[in-house]
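Colleague: Residue strings, one per chain:
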Amino acid sequence: MLCLSNRFTPYGKAHMKLPEFFSFNQNNLQDYEDCEFRFLLKHVRQLNWPAVESEPLLLQEKKIEIGYLFHQLVQRFFSGMSPILLTDTIEDPILQEWWGYFLDLNLLEQPGVKFAEKMISVPFNGYRLVAKYDLLILLDNGHIEIYDWKTSISQPHRHFLIDRMQSHVYPALLMLQQSCSSFIARPSPGDISMTYWFPSHPQSPVSFTYSPDQYEKDLQILGNKIKEIVAKEENEFEKTNDVRKCKYCHYRSLCERGIKAGIINEDSNSADGDNPFEFDFNAL
Amino acid sequence: MNAKYTYSSEKFDLTTEQDSVINSSLNACMLLSGEAGTGKSTAGAFRLRCLIEQGVPGDSILILVPQRSLAAPYFTQIQSHDFPSSSMPSILTFGGLAQRMISLFWPIIAKNAGFSFPNKPCRFLTLETAQYYLATIFDPLLQQGYFDSLTIDPNRLYSQIIDNLNKSAVVGFPPSEISRRLTQAWAGKPSQTVIYQQGQECALLFRDYCLKNNLLDFSLQLSVFVDNLWPSLVCKEYLQQTYRHLIYDNIEEDIPVAHDVIEEWLPKFDSALLIQDTGGGYRSFLGADPQSSQRFFNLCSNKLIFSNSQVKTSELDTLESALGESLLEHKLINQYYSRNSVLPFSVLSFRFYPEVLDWVVREIQELIDKELAEPFEIAVLTPFLSDALRFSFSARFSEADIPFSTYRPSRSLSDEPAVQTILTLAKLANPGWGLKPTQQEVRSAFLGSIANCDLIRADLLSRMLYRPSDDPAKPLKSFDNVNHEMQSRITFTIGEKFESLRVWLFENSIKNTEFFDHWISRLFGEILSQPGFALHNDFDSANAVSRLIESHRKFRQVLQPTDGLQITGSAQEYIRVLEQGILAAQSLTTWNEQTNTNAVFLSPAFSFLMTNRPVKYQFWIDIGSQGWWSRLDQPLTQPFVLNRNWPDGKIWTDFDEVYNNQHTLARITAGLIRRCRSHIFMCTLGYNEQGMEERGALLMAMQNILRQVNFVREVPHV
Ligand code: SF4
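Going down the list, the protein sequences come from chains X and F. Residue numbering for the first sequence follows the numbering used here, starting at 1 and increasing by one per position. Residue numbering for the second sequence follows the numbering used here, starting at 285 and increasing by one per position.
Bear in mind the hints are in silico, worked out from the structure with no lab data behind them. Note that the Cβ used here is the ideal one computed from N, Cα and C, for glycine as well. Everything hinted at is true.
With a straight-line cut-off of 30 Å between C-alpha atoms, the simulated BS3-like cross-links for lysine-lysine are: (1) X/Lys63 to F/Lys404; (2) X/Lys217 to X/Lys132; (3) X/Lys239 to X/Lys42; (4) F/Lys496 to X/Lys63; (5) F/Lys404 to X/Lys132.
Among the chain X residues that face chain F by a calculated CB cut under 10 Å, a handful are: (6) Trp49; (7) Leu57; (8) Gln75; (9) Leu86; (10) Lys118; (11) His250.
Kindly generate the complete structure, drawing on both the sequences and the hints.
Modeller: See below:
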């Protein structure tokens, strides 16, 4: 469907209307967190703006490809394909290394029922909240382990990871899904733990255990965030004050926030640019 | 899980018939049939909800539809804010299921399926990239004199060869049989059989090329899934364990090989609901086979029929019967109308196209203002929707401030002004390619690059500063070379932007290590979308540039190392094939984002039927057009012969052609009427878009009806 509205200003005065079939997820909520205006452009207006997000582009593309291939390998693995057969299909030496580290985790041997690439959608405050889990392991004792594969080269600090919307959405949504009779498990918050696992840093996963307190907080954070978003007029979506974010945002020219894309420094330990949350492999 | 679940029909305003489907047991195997508009898909969508509320995991439910647009009721249901928590059901077409399974199980099946490099990844071809590879195989054969008896654009030949391969895959016969089947049905000059033979040769060469290079076009995806994956234990077990419940909507619009797989799979599902639109089959030319779907009558234990339309009025029902009879019998045998009949249609005559467009827009304005119709309750339908017609309507709708949307394949990339601008700028930045743009192209590129640069200024700039013969390495001269008087005439603001553009192009020729799509992204972000440049606030153009980038990315991703094209070479090759129209970019824009936006819907009739969305008012444009009746001229293919129902060896005669056209038209008009709630405005034209007089079958059929109406109205009361 092509809507022939031609040119329109991004600063519409109309009340913001979410697109049909819209769901909130960690990705769009994080965008809102980073920059309200980006949320408006990307998720409400769904505006294609084909400028460079970050440089060097070739490296970025390589990162996306290898991340995609890693997720695909893991999905094939949990679909029952032999690891030897899968290993034979890998050409890239980095991917080969990552795959080796992944196999060392020995996840298949670990107890519990495993669900790979599980997508769950729940009604939440009059809207829908969705998450796609790379891996869920359900143990007999009611414990649930959430695994998320992060294929960035650098590994951000723990507090950066814990602060991300994903760390709020994923465990909370596992609690929220219990309301339906087709629930996958009925954990209490203390039964849930989450691990960000970096194949490029296999020895230093970042894990945390959920808690009733955090669940209450998350419900508030998510509820308030959604309430705030849907109550806004279009012209109330503000551009971020943190102009460093604009260096790695493809709407830079539209917002008049610079010309050239920011360069990712491979050696840098900063999360800017080489952002493990940057690519939503679930959307691929 | 056999407990009976009672759905609240009142809460959702459902009929008792719908209730009985929704609340069927969790192991029911049902076939639900009925006309369009009887509420079948609504029942299907609530059945989905009911399954989940009864504890069925969402991701164990497969919702299969022949075309993504037909899945709208299911998406709407799943996304509604009160839909229960659940893992997500899969909503797929058969082709989508095939591609997903190949992606997952590629390492297991690649070797058996005959691919040369089973350890390397496969690449899925788009229609564009398939055409590209076909062209590379085809061009040497054209030089050898293949198809020399045909005067037809080679791009149309490519698409028909691909179409033949697709038909072989959807019907389920080997591509080596294409020519035999077409030849056996051919009744014309024997020279045509050579063309069929040559077409098949190209198809087989293309298939061979794909197998040797791990490429999968749509036809090969289907064949690999049906012949290799589905029969394999690992895939079958995976699918049968993953999906325990099936909802299969519009089975009559799906392809026979999909029916074959589902027939075999059906007994393994815990529950199944198959939905059939009686009178459907609009996608026949794409391989849909309503006859093949009839098999499910014997395979489903429960058969339900919905017979009450929730859409059309009794007057529209009468029109459907009368028009069907008039089309098929060329006259009205039965008496449909009496003196007091209320007509749910009007037929209006105009001499020329602009008159009809003006009238339609005025009438729609009145419906909105006086009848308080919502724009989304109105559809304007044509047999085909040309760019010119779309443009004429869009100008009038915009002027009248009527929101509208249209559904058609997106414009060919090479026709997009923003794309033309970028291609010209790429040639200017890379004089070494030897692709020298014309002065007119350069003028258009300035017009499309610099904000507020009108045609006169763009013309001045191109005449004065585009000098490829002076120094081929620097085809653009500096604005400083222009005398002061001329500079102020062009304006210094425009001059400054011209300079930024010129310097950027000079400093940014495409490097050997750079992909063309990356270069375009930089050009767009660093120059064209910056303040003072033309794309700064032009979102339609930004969208066209995105499509260009995406198209090139897909193109170079499937380019083989053996193709001998370096990174930069791929840019030149891409531009060559794009400008030749081989990459026609017939990608359908995703349809679902704005289906329910409050806009008048302008569309070819077929596309409207495939949205399966009733409206209150329909406008049928130019009912005298032969386009409502005749099928496309396709010398290399024949969709009704490359079909399971066509008897082996039977000849396709003129009678078959007429019979087929008649029945197709009757089916389409019935489908339209069933999707109308109130009134159809039919417009006839003295002269069509090309200035010709046409009196097609639809017009003649409507005249029979009008004669009966007029007759009963003229007969005096007794
Ligand atoms: S460029 Fe900056 S202000 Fe604009 S959307 Fe991106 S982050 Fe927000």
